[in-house]
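Asker: Chains as they are written, first to last, in the numbering used here: chain W, 1 to 487; chain P, 1001 to 1667.
Since the hints were derived computationally from the structure, they do not count as laboratory data.
In this text, all values refer to a predicted model and were calculated from it rather than measured experimentally.
You may find that some hints are simply not true.
As the list claims (entries may be wrong) - BS3-like cross-link-like pairs, simulated, lysine-lysine; straight-line CA separation at most 30 Å: (1) W:LYS212 to P:LYS1379; (2) P:LYS1614 to W:LYS440; (3) P:LYS1168 to P:LYS1114; (4) P:LYS1109 to P:LYS1168; (5) P:LYS1168 to P:LYS1591; (6) P:LYS1379 to P:LYS1109; (7) P:LYS1614 to P:LYS1379; (8) P:LYS1109 to W:LYS440; (9) P:LYS1379 to P:LYS1591; (10) P:LYS1591 to W:LYS440.
As the list claims (entries may be wrong) - Some but not every residue of chain P turned toward chain W, in silico, with C-beta under 8 Å: (11) SER1160; (12) VAL1181; (13) LEU1431; (14) GLU1462; (15) SER1464; (16) ASP1465; (17) VAL1466; (18) LEU1616; (19) TRP1621; (20) PRO1625.
Beta carbons are placed, not taken as given, at the ideal position from N, Cα and C, and that holds for glycine.
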Amino acid sequence: MLTTALVLILILPAMGALLAAALPGRPARWVATSSAAAATALALWCVIAVYPGVHRSSLGSLPWLGEQAGRGILGVLLDPLSSVLLLVVAVIGLLTVVYSLPYVSETNRGHSAGPRDQSRYYFWLLFFVASMLGVATAPNFLQLFICWELTTLCSWALISYYRGETSLRAGFKALVMTHVGGVFFLLVLLILFVETRSFEFDAIAGLAPPRKGLVFFFLMVAAWAKAAQVPFHTWLPDAMEAPTPVSAYLHAAAMVKAGVYLMARSVSSGWAMPQGLAILLGAMAVVTMYLALSYYFRQDDLKRLLAYSTIAHLGYVLLGVALGAVGSTTGFRGGVLHIVCHGFGKATLFLCAGAIVYVTGSRSISALGGLARSMPLTATAFFVGILAVTGVPPFACFWSKFMLLAGALELPGPIGPGLLALLLGETLIAFGWLLYIAQKVFLGAPSPAARVPSDPPLAMRATLVVLILGCVVAPAIGIPLVEPLGR
Amino acid sequence: MSHVFLLGSSVALFLLGALTSFALARNPRLCGWIAVVFVTVAAVPLCGVVGETFRTGGQPEVILLHLSSLGASWAIAVDPLSAFFLVIAVVVGVLSTVFSVDYMIRLEKDSVAKFYPVLLVFFSSIVGVLVTSDFLFFLVFWELMTLTSFLLVTFERESSTSQRAGRKYFIVTHAATLCMVAGALIVWQISGSFHFAAMRDALGTLLDTQPVSGHLVIFLFVLGFATKAGVLPMGDWLPDAHPVAPSGMSALLSGVLVKLGIYGLLRVFCSFVPVSASLQAWGVVVALAGVGSLFIGTLAALMQTDSKRLMAFHTIGQIGYVCLGLGVGLYCLADNPALAALGLMGALFHVANHACFKACLFLGAGSVLYRTGERDMNKLGGLGTSMPLTAASSTIASMSIAGVPPFNGFASKWLILATCLLVGMSAPLFLALAIVGLFISLVTLASFLKVLGAVFLGQADENSDVREVPWTMALPQVVLAALCILLGVFPQVFLWFAHAALAGVSQVGLPPIDLLLGGSWGLTLAVSGIQVGFWAPSAIVVALFLSGSLAYGIQRAAGARVRHVPVWTGGEEHAAGTVRYPASSFYLPFKEAFRGIYPTVRLRVPAFPASLRKALDLDRWLYMPLARTVEQAARGLGRTHLGIPQVYLLWIVVGAMVVMGILLLTV
């Protein structure tokens, strides 16, 4: 029963994608919405049914890979860690699809889209959702790798969706950079297969020390490239050429979250990460946070600003994973919880940016001002979004950041307090700057670009309302989910 | 009924009121009245809790929610200290809401949908702050309170000054909250729990084993709470945020929000820090910080001409008095509980008094703003005759804040300064601090004489159509002014509550109040059974009344006539507005002497050097060159494809020979 449901979760969006490609315009939109909704409902049911246990079943095998590796090579896995990603991917995926209904249409002031474009859009978007769901439910590294590369492919197609010179370039850049990461992942698979004859997650703990370090390092490189961490952070801001709902999905739930999920998965399978590498992971996370922060002050493009904020927040998640690897369970839970909390906060922010683009056709911070008068709901959502993302209690990221900080203090010695100071410093600066930007864009006297009639259409407004609620209740769902994690 | 049920129903009423007023926001007046009704009804169960708490001396703790992964649990406990602050919040809250009903209609540019609902959530977060006894959830409510108050301060959406001031307020206080997060986490490292009692034990251990960390934690907490309380230099947000907020909100900021910083300080020092030499040292630090901010804050106030900004500076000054009382009380807590009790009671009493007179003053300034649209006192004058109720209540409140007997400000300042003087016998530092306090009391009086003179006295403008404000705005001011008199004339009644509040939290047994302030018709200070001071306000009131009526009688009997003549110079008559003595002309030598006392610093966006920026741009020097190299290499390889079959055959033959060669050599 559960297995069927989990397989359906994967198949439904994939079928939806194919149908959407075949049907033009309006039917494609309905197919897309209903398949995403069905997958989300099933995902919710599965998570509730399985919690707090683990459900694992194998569906097929490849005998020629050998007795051990080939058995159960295809299958599904649902444990608390994958539940976290599954929920984020499914729920935010559904919201993205609903939001796209008016956004990817003829009425968009920034970019109007005809029926053929719509079919193409929904095909790739649903395919993206399906492959992310595959990442979340993959039971071993091989299946994870396949879905992982599928997400790369989908994001390439979606980033280049407008087919302009810059979009094509940005899509290609994203493809190449994340694919380089994928090559490192492939190397991990090869080493793992040669050494242990298995692709299981647990196999990684059984490697001999020098190989193990190499494997973890390659995994880290793969995760850095996918999650746009330093030094591979440059593709993500350029990927802002994508339609805004795609950016929202890419940042909040998909693609970049696959990178941090891979790291969380490999660290928590046996907790075998070498200490030195864990410290490297944590240090790079902090460096990434501050480097991303330094870009804030120069951005005039609202979406690029949000992109840098995403880079910083993925740093938080990886820091939590690194804390888990050096022995702090609370830190690990905080990091995983941050996937959920940041997902909702960042989705809210991007969809607000999308609403602004939709209504005004502009996303330049300096050209916008005083939008709150005509777009009160968007303004509310944006403010909730920045408070949620920067971790102002009682909104989402406060809880995950707090757990992370608590986790940092579980470490002995001066590292904990030092991290505490660094993270709080980053939080405060980011909070101050985002608050300033939000005030600039929404409050004050309306600028010429901001003289627009009203909030965006109903479907977009409904999405924003759901996300506002999500920014408040995400920790209430996330904290029970992360509690079974840890060694 | 259990206190949790009462508190829950009151918070539920606040939230229900928020929803209702949000739904009815199209009609500002109706929306305002809905808010008033809900706030008043929600105040009833709160009063029940307060009464029960003072009767029983504290309510048992109830745990509502448990987060096992952090060791945090949402625990509700009401002790007399919480109850004391709840009373202040309820009184000022209800009156400010009533005041806002008519006031907010004037601000027609912005919808009240972002005032009353937020205000009601603000009230519920205050209740949450006061009754929570677990630090994690305390911080959540605390920051919710900051957030809602930020939204209220920046109510005027299109005014860039209010946005700027609100942003400053939010960022500064958020930084303070992050300091407290850090402090709480450092303690959590040892305690494994955020419960107040567990944190107290852990902090005690920390101070014994790692004094540096222990003092760092106390410092972080003090920083956090003192920022909210408006102690300089962290309180710099106050003079910016108060003037731009709607006046009802300014009253709440000064009357309630700032007081919760003091509540936090009291919690930290009375129940977290063990009574020891380090507490004594922190007492000196708090007293010095207090005197610093009362000195600078009040002198800076003297130079202001914006009425609400002036009052905001006085809030800094008066909080300084509170901190002085707190500091002297903490200093004595270990050695002399009687003096400590007097100092702390003085501080707590001043908190209540300040809530009354400062709320009244802000409402008064708001009333003037409502009728004239002016906060600049240079452009005001002669409003005393047209706005008699406002003028009378502002006068009473001004006398109170300046510490003129028999008003309430005198009683609490007397208590604080008397304690300082008594402690000063053995520690001369406090003698000096008390003298500064006395001097500043005079400055306060001067400053408010300026306000009264410039706004209410003098000749009114011709053809001015300024009238008294509607009763909804006058009533709160009159009630607050009456409270100023009541608290001043019967201080012993209110000091009983202050004593009960302190006795509930203090780790040292405080002497019973009868031994400290004997006498039923006044205050008789007694330390170790020796009477050291005496203050009988009712006698003074009687004497004042008698001499006042005597003076009035003499004036009437003498029948002196008052002669009114138009003002003229150079043979020309002038309009009243041009010949009035303006607020900026008061105390010029003083202002000259203390000109630089409140410097302003402008912050700029950090500028990164271009070279660093270039070095960090990996695309520019790493990825793009790499991509170009790959492209060129590919092109170079492509050149080998000439499309001539013979050349390909040649390559195959050469390749086969190379392979053969290698095989022959290796085998």
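Asker: Regarding the pair LYS1168 of chain P and LYS1114 of chain P, is the alpha-carbon distance no greater than 30 Å?
Answerer: holds, 20 Å
Asker: Is the interface hint satisfied for SER1160 of chain P? The criterion is a beta-carbon contact with chain W at less than 8 Å.
Answerer: holds, 6 Å
Asker: Is it true that the CA of LYS1379 of chain P sits at most 30 Å from the CA of LYS1591 of chain P?
Answerer: holds, 20 Å
Asker: Using the nearest Cβ pair, does GLU1462 of chain P come within less than 8 Å of chain W?
Answerer: Constraint on GLU1462 of chain P not satisfied, violated at 35 Å.
Asker: Taking 30 Å as the top limit, are the C-alpha atoms of LYS1591 of chain P and LYS440 of chain W close enough?
Answerer: Not satisfied, since the Cα-Cα distance of roughly 36 Å exceeds 30 Å.
Asker: Is LYS1109 of chain P within 30 Å of LYS440 of chain W, Cα to Cα?
Answerer: Holds, at about 18 Å.
Asker: Can the hint on SER1464 of chain P be confirmed by a CB-to-CB distance to chain W that is less than 8 Å?
Answerer: violated, 31 Å
Asker: Against chain W, run the beta carbon of ASP1465 of chain P and see if the smallest gap drops under 8 Å.
Answerer: violated, 30 Å
Asker: Between LYS1109 of chain P and LYS1168 of chain P, is the straight-line Cα distance small enough, at 30 Å or below?
Answerer: Distance ~23 Å between LYS1109 of chain P and LYS1168 of chain P Cα, so the pair holds.
Asker: For the pair supplied as a hint, LYS212 of chain W and LYS1379 of chain P, confirm whether the alpha-carbon distance does not exceed 30 Å.
Answerer: violated, 78 Å
Asker: Report holds or violated for the interface hint on VAL1466 of chain P, using the least CB-CB distance to chain W and a cut-off of 8 Å.
Answerer: Hint on VAL1466 of chain P: violated, closest Cβ of chain W at ~30 Å, above 8 Å.
Asker: Quickly compare the C-alpha distance for LYS1379 of chain P and LYS1109 of chain P to 30 Å and report which way the hint goes.
Answerer: holds, 24 Å
Violated hints for the displayed structure, listed by number in ascending order: 1, 7, 10, 13, 14, 15, 16, 17, 19, 20.
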